[in-house]
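J.: Letter by letter, the chains look like this.
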Amino acid sequence: MSHLNIAVIIKLEPDFSEGNVSYNPDGTLNRAETKNTLGPHSAIAAHAAFFGRVMYDAKVSIATMGPPIADLALQQAQQISDAEELHLYSDRLFAGADTLGTAEVLRVGIEKMQEKMDIVFSGHRASDGETGQTGPQTAWKLGFTFLGNVISYNVDVETRMVRAKRLISLQGLPNIIEEVEAPLPVFISIDPTYKSSYNTVSQRLAFQKYKKEAIQLSDNFKDYLKIFNAKELGVDETLVGLPGSPTIVYKVERVPKSTATRQAEVIDGSDPEQISKVVKKMKEALSAMVIK
Amino acid sequence: MAIIGGGSAGLAALKQLSHLGKQAILLEAGSKVGSKNLSGGILYSKKPKKGNVSNVEQLYENFLDDAPIERKITKYILHSTSQNKIYSMDLTTAHDYQANFGCSVLLNKLNSWFAVQAEEAAKKLGGGIIPGVHVKSINWNEQNDATIIQTDELDEFEVKAIIAADGVNSEVAETVGARKKFTPEQLYQGVKVIVKLPEDIINKRFGVSSDEGAAHLFAGDVTLNHIGGGFLYTNSDTLSVGAVYHFDSQISNPTEPYNLIDVLLKNPLISEFIKDDVPIKPKIDKNLPQEEQLRIRFAVAKLIKTWYEIREASLSSIGRDRLLKSGKYKTVEDIQKRLSAIQEQMTEKFGLTFGTDYLEDEYGAKLVPDGKRCRMRKPYFKNILFVGDAAGRGVFVGPRIEGLNVGIDDGVRAANAVAQALDKNDFSENSLGENYSKSVDESPFTTDMKEIDKDYLKIFLDAAKDVPKDIIGSRYGPILKMMSSGTMRGIAVKFANILGYDKLLPMIESEDTYVRVPIQLAERLGEPVLSSYSPTIPSIADRIANLNYNDDHLSHIKVLNPTSEYIKKMVTLCPAKCYTEESGKVIIQHEGCVDCGTCSQETEWKHPRGEKGIHYKYG
Numbered sequence: 001m002s003h004l005n006i007a008v009i010i011k012l013e014p015d016f017s018e019g020n021v022s023y024n025p026d027g028t029l030n031r032a033e034t035k036n037t038l039g040p041h042s043a044i045a046a047h048a049a050f051f052g053r054v055m056y057d058a059k060v061s062i063a064t065m066g067p068p069i070a071d072l073a074l075q076q077a078q079q080i081s082d083a084e085e086l087h088l089y090s091d092r093l094f095a096g097a098d099t100l101g102t103a104e105v106l107r108v109g110i111e112k113m114q115e116k117m118d119i120v121f122s123g124h125r126a127s128d129g130e131t132g133q134t135g136p137q138t139a140w141k142l143g144f145t146f147l148g149n150v151i152s153y154n155v156d157v158e159t160r161m162v163r164a165k166r167l168i169s170l171q172g173l174p175n176i177i178e179e180v181e182a183p184l185p186v187f188i189s190i191d192p193t194y195k196s197s198y199n200t201v202s203q204r205l206a207f208q209k210y211k212k213e214a215i216q217l218s219d220n221f222k223d224y225l226k227i228f229n230a231k232e233l234g235v236d237e238t239l240v241g242l243p244g245s246p247t248i249v250y251k252v253e254r255v256p257k258s259t260a261t262r263q264a265e266v267i268d269g270s271d272p273e274q275i276s277k278v279v280k281k282m283k284e285a286l287s288a289m290v291i292k
Numbered sequence: 001m002a003i004i005g006g007g008s009a010g011l012a013a014l015k016q017l018s019h020l021g022k023q024a025i026l027l028e029a030g031s032k033v034g035s036k037n038l039s040g041g042i043l044y045s046k047k048p049k050k051g052n053v054s055n056v057e058q059l060y061e062n063f064l065d066d067a068p069i070e071r072k073i074t075k076y077i078l079h080s081t082s083q084n085k086i087y088s089m090d091l092t093t094a095h096d097y098q099a100n101f102g103c104s105v106l107l108n109k110l111n112s113w114f115a116v117q118a119e120e121a122a123k124k125l126g127g128g129i130i131p132g133v134h135v136k137s138i139n140w141n142e143q144n145d146a147t148i149i150q151t152d153e154l155d156e157f158e159v160k161a162i163i164a165a166d167g168v169n170s171e172v173a174e175t176v177g178a179r180k181k182f183t184p185e186q187l188y189q190g191v192k193v194i195v196k197l198p199e200d201i202i203n204k205r206f207g208v209s210s211d212e213g214a215a216h217l218f219a220g221d222v223t224l225n226h227i228g229g230g231f232l233y234t235n236s237d238t239l240s241v242g243a244v245y246h247f248d249s250q251i252s253n254p255t256e257p258y259n260l261i262d263v264l265l266k267n268p269l270i271s272e273f274i275k276d277d278v279p280i281k282p283k284i285d286k287n288l289p290q291e292e293q294l295r296i297r298f299a300v301a302k303l304i305k306t307w308y309e310i311r312e313a314s315l316s317s318i319g320r321d322r323l324l325k326s327g328k329y330k331t332v333e334d335i336q337k338r339l340s341a342i343q344e345q346m347t348e349k350f351g352l353t354f355g356t357d358y359l360e361d362e363y364g365a366k367l368v369p370d371g372k373r374c375r376m377r378k379p380y381f382k383n384i385l386f387v388g389d390a391a392g393r394g395v396f397v398g399p400r401i402e403g404l405n406v407g408i409d410d411g412v413r414a415a416n417a418v419a420q421a422l423d424k425n426d427f428s429e430n431s432l433g434e435n436y437s438k439s440v441d442e443s444p445f446t447t448d449m450k451e452i453d454k455d456y457l458k459i460f461l462d463a464a465k466d467v468p469k470d471i472i473g474s475r476y477g478p479i480l481k482m483m484s485s486g487t488m489r490g491i492a493v494k495f496a497n498i499l500g501y502d503k504l505l506p507m508i509e510s511e512d513t514y515v516r517v518p519i520q521l522a523e524r525l526g527e528p529v530l531s532s533y534s535p536t537i538p539s540i541a542d543r544i545a546n547l548n549y550n551d552d553h554l555s556h557i558k559v560l561n562p563t564s565e566y567i568k569k570m571v572t573l574c575p576a577k578c579y580t581e582e583s584g585k586v587i588i589q590h591e592g593c594v595d596c597g598t599c600s601q602e603t604e605w606k607h608p609r610g611e612k613g614i615h616y617k618y619g
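Protein chains in written order, with the working numbering: chain L, 1 to 292; chain U, 1 to 619.
Treat each hint with caution, since some may be false.
What the hints assert, rightly or not - Once the Cα atoms are required to be at most 27 Å apart in a straight line, the calculated DSS-like pairs of lysine-lysine come out as:
1. 585(U) x 277(L)
2. 283(L) x 577(U)
3. 209(L) x 124(U)
4. 22(U) x 212(L)
5. 286(U) x 277(L)
6. 35(L) x 325(U)
7. 585(U) x 281(L)
8. 378(U) x 438(U)
9. 305(U) x 328(U)
10. 32(U) x 209(L)
11. 212(L) x 617(U)
12. 195(L) x 136(U)
13. 286(U) x 349(U)
14. 32(U) x 136(U)
15. 280(L) x 585(U)
16. 283(U) x 35(L)
17. 286(U) x 281(L)
18. 124(U) x 424(U)
19. 35(L) x 328(U)
20. 305(U) x 283(U)
21. 35(L) x 349(U)
22. 617(U) x 209(L)
23. 32(U) x 211(L)
24. 160(U) x 123(U)
25. 280(L) x 577(U)
26. 22(U) x 209(L)
27. 209(L) x 123(U)
28. 222(L) x 325(U)
29. 204(U) x 337(U)
30. 109(U) x 212(L)
31. 32(U) x 212(L)
32. 585(U) x 283(L)
33. 32(U) x 195(L)
34. 222(L) x 328(U)
35. 606(U) x 195(L)
36. 195(L) x 123(U)
37. 577(U) x 277(L)
Keep in mind that the hints were calculated from the coordinates and are not lab data.
Excised from the complex, chain L in its bound form (with noise of 0.2 Å):
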């Protein structure tokens, strides 16, 4: 069977669960305060590329841009992914990036990897504030055929071709699944509802073994963990950081709140005269329905 490659590109995130988090009072996040960890869509991606680690005994790597804390994602990915390899890429003069600026590092971190990638994996956004095109990027600089939404994957070793299904959704239109068919390599954008499924007992004991096997890397993740400053990667200082990135943050809102058209009413959930209120409320609304 000829081997797979897999990278999976991830990112360092705020932890945004009560008890880890913290906020200024001016209601900004206290980033220094604030506990992080392995992103949400991250650890989605993980587990699409722990996928291929089991089905079809796949080499996986990890990469991510950050600061030198960063290295803490990589092992929580790493005992996801069952990864053996890890790239931190971490300067002072990647500091300030877009999503462009970012894409140009990870694009030269992949290429710097030990095996020629097949399929490269990302989450589908940041939950910090990111917009999603961080994965897209990535891709077309690799000059890699982009998958978004990917929601299930195979590939079909020996011819060298990847299926995926993709979920569309349009607003005010239903849900649609497409499939499709792409030689390799491929970038998969994976979708927050992606689920791994393993059918057969045999696949389930696969499963087991190769999580137990991640578990133990992760235990010793800086046996696998290389760090690169910007020398090191070999990057061109002009298309990473500030200088790389063409977007500028010059201001930050709040979104407004739009004028209530409606009357709302705060009831104290603790009273259960106010609850019968609600009740007796929505039963009114309920009978003015016509139900078919």
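Chain U: place on chain L using the hints.
T.: Relative to the frame of chain L, chain U by itself:
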């Protein structure tokens, strides 16, 4: 070869099969082994007078050194209660009787450890554990003699034999027709809460060292006239507080199971056992801007979380070592200083206060088979062997409850029988089934349930020697008199054995034994106990909200007759309050279900699909 169910019995079977060099897979419905298991729980190692059992420490060679057990129980005390009066009897001798040890355990942790040991051995033979798979049916193809397993998650597959370890509500047993559902007379309903309490406080309060523990049992008015009782076991840094009642007693006089726990928690002795310092959240000023309210809420949540983490660690030997090793603190005093600093910040900056209360961390419920009444006489069907709870194998003799060890012993016996069948390539009932059945019949656990043991009986008579005879009442008077004399006791026990457990049980397991006699004991001989506070007990809704579920939009339970008398009782008896009655009809909301099986008698009851349903943190 497949094992269905990853509890302690199923895992024992996998471990033993692997030990005998046989390939096997184990299917577990939970997303992880241990996530659906719940027990009281004390795990015993038995030292039988005659016969042999496979104890946990023989099956898992490194059990005593490495297994995550909680504490070895060294004190075993029975309390009779009447309001605030309590009369205590030391029954440690009964606990030690024919036992190498008995330790408190939490099944999520322990079964996970068993799973690692069993899987390691199984993997070498190409087998293993597959979690997240729910078996829905088993079929036999008569033409090619194949046994086919169908699941909700996987493509169907063939096996040679099956060990069914799918618990008290065994779907395997029911779907193939190996036995009927257990009836209320054959079951106990158990409910349990886990109370958090730092290790050092447990040691001091219960007078034990870090590896020792205490078990406290309760009878009397805390039973609310039900046949059964309460228990409190010490774990490493939690307490298990539970109530176990005969289910027919619950059916004839329904009481909300959570109320039975609440009565225990409100008993002054237990209130004092569980109490701790707890932070009380301040009310946030609703006039502040939304962002500020949110910021305060998150800041308070974070401080409380940190406070709990550091406090818990500072009050446990392992925790302190961990903090010191982390390099953040140089000495134990440093940890204390940090804790005070956080506490100061909590009170001064955010107006938090500290009070005496208790902290409940998990609620759970389970049916327990009463082996004396429901053990399967033939624990097999075609090429399926039933073990543990699935075969109805719980042992209740006196206050001591054994189940985990019985299941483990069954698992080993079933594995031995299957290994033999594989060698002979004969999986017929006459060979595989009968071999296993014979082995189970010879098990000391089975003979214990058939025969009354006079030495064990004597322990109770000795413990009760200070009890005035008139309390025991006219009913037990003559028996007691006979039992007190050495020679007569032998004759009496022989006579009792002729009568058999079946006839004696209704006499022994009566309201007299569990309710009236203990109340009188407490009133006449008991000492008053006072509690300094009254615990804030969470509502059942809060308890359910605090549990971890993977919701399935499909209900695994279907009500058969929404107006039957039995199903109406479920409104009261469902431990998760899933049932409500609306205009004479009972409806179910399955989302909060803890898969206990209380309602299974008159419902179409299945375990949830793979990975779905309740996921216990402690178990």
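J.: Each hint needs a verdict: does it hold in this structure or not?
T.: So, going through the hints one by one against the coordinates:
Between residue 585(U) and residue 277(L), the direct Cα distance comes to roughly 25 Å. Compliance with the 27 Å bound is thereby established for this hinted pair. A distance of roughly 25 Å separates the Cα atoms of residue 283(L) and residue 577(U); the hinted pair therefore holds under the 27 Å criterion. Between residue 209(L) and residue 124(U) the alpha-carbon distance is near 11 Å, which keeps this suggested pair within the 27 Å criterion. Restraint check for residue 22(U) and residue 212(L): the C-alpha separation of about 22 Å stays at or below 27 Å, so the hint holds.
The suggested pairing of residue 286(U) with residue 277(L) holds, with an alpha-carbon distance near 22 Å, which does not exceed 27 Å. Using a Cα cut-off of 27 Å, the hinted pair residue 35(L) and residue 325(U) holds, with the two alpha carbons roughly 22 Å apart. Restraint check: the Cα-Cα separation between residue 585(U) and residue 281(L) comes to about 25 Å, which is no more than 27 Å; the hinted pair holds. Only pairs whose Cα atoms come within 27 Å are accepted, and residue 378(U) paired with residue 438(U) is accepted, the gap being roughly 9 Å.
With a C-alpha separation of about 18 Å, the suggested pair residue 305(U) and residue 328(U) falls inside the 27 Å cut-off, and the hint holds. For the suggested pair residue 32(U) and residue 209(L), the alpha carbons sit about 14 Å apart, so the restraint of at most 27 Å is met. Only pairs whose Cα atoms come within 27 Å are accepted, and residue 212(L) paired with residue 617(U) is accepted, the gap being roughly 21 Å. Of the pairs offered as hints, the one joining residue 195(L) and residue 136(U) holds, with about 23 Å between alpha carbons and a cut-off of 27 Å not exceeded.
A C-alpha spacing of about 17 Å is found between residue 286(U) and residue 349(U), which places the hinted pair at or below 27 Å, so the restraint holds. With a C-alpha separation of about 19 Å, the suggested pairing of residue 32(U) with residue 136(U) holds against the 27 Å cut-off. A C-alpha spacing of about 22 Å is found between residue 280(L) and residue 585(U), which places the hinted pair at or below 27 Å, so the restraint holds. Taken as a hint, the residue 283(U) and residue 35(L) pair is honoured in the structure, with Cα atoms around 26 Å apart against an allowance of 27 Å.
A C-alpha spacing of about 26 Å is found between residue 286(U) and residue 281(L), which places the hinted pair at or below 27 Å, so the restraint holds. Restraint check for residue 124(U) and residue 424(U): the C-alpha separation of about 23 Å stays at or below 27 Å, so the hint holds. About 17 Å separates the Cα atoms of residue 35(L) and residue 328(U), which keeps this hinted pair within 27 Å; it holds. Only pairs whose Cα atoms come within 27 Å are accepted, and residue 305(U) paired with residue 283(U) is accepted, the gap being roughly 18 Å.
A threshold of 27 Å between alpha carbons decides the hint, and for residue 35(L) with residue 349(U) the separation of about 22 Å falls inside it, so the pair holds. Restraint check for residue 617(U) and residue 209(L): the C-alpha separation of about 24 Å stays at or below 27 Å, so the hint holds. Between residue 32(U) and residue 211(L), the direct Cα distance comes to roughly 13 Å. Compliance with the 27 Å bound is thereby established for this hinted pair. The hinted pair formed by residue 160(U) and residue 123(U) meets the criterion: a straight-line CA distance of about 19 Å does not exceed 27 Å.
Between residue 280(L) and residue 577(U) the alpha-carbon distance is near 24 Å, which keeps this suggested pair within the 27 Å criterion. A hinted pair counts as satisfied when its Cα atoms are at most 27 Å apart, and residue 22(U) with residue 209(L) qualifies at roughly 19 Å. For the suggested pair residue 209(L) and residue 123(U), the alpha carbons sit about 9 Å apart, so the restraint of at most 27 Å is met. Of the supplied pair hints, the one linking residue 222(L) and residue 325(U) holds, its CA atoms being roughly 20 Å apart against a limit of 27 Å.
Between residue 204(U) and residue 337(U) the CA atoms are separated by roughly 22 Å; this keeps the pair inside 27 Å, and the hint holds. Note on residue 109(U) and residue 212(L): the hinted pairing holds, with a Cα-Cα distance of about 17 Å set against a maximum of 27 Å. At roughly 13 Å between alpha-carbon atoms, residue 32(U) and residue 212(L) fall within 27 Å of each other, so this suggested pair holds. Our distance criterion of 27 Å between C-alpha atoms is met by residue 585(U) and residue 283(L), whose separation comes to about 20 Å.
Our distance criterion of 27 Å between C-alpha atoms is met by residue 32(U) and residue 195(L), whose separation comes to about 17 Å. Our distance criterion of 27 Å between C-alpha atoms is met by residue 222(L) and residue 328(U), whose separation comes to about 22 Å. Between residue 606(U) and residue 195(L) the alpha-carbon distance is near 25 Å, which keeps this suggested pair within the 27 Å criterion. Taken as a hint, the residue 195(L) and residue 123(U) pair is honoured in the structure, with Cα atoms around 26 Å apart against an allowance of 27 Å.
At roughly 24 Å between alpha-carbon atoms, residue 577(U) and residue 277(L) fall within 27 Å of each other, so this suggested pair holds.
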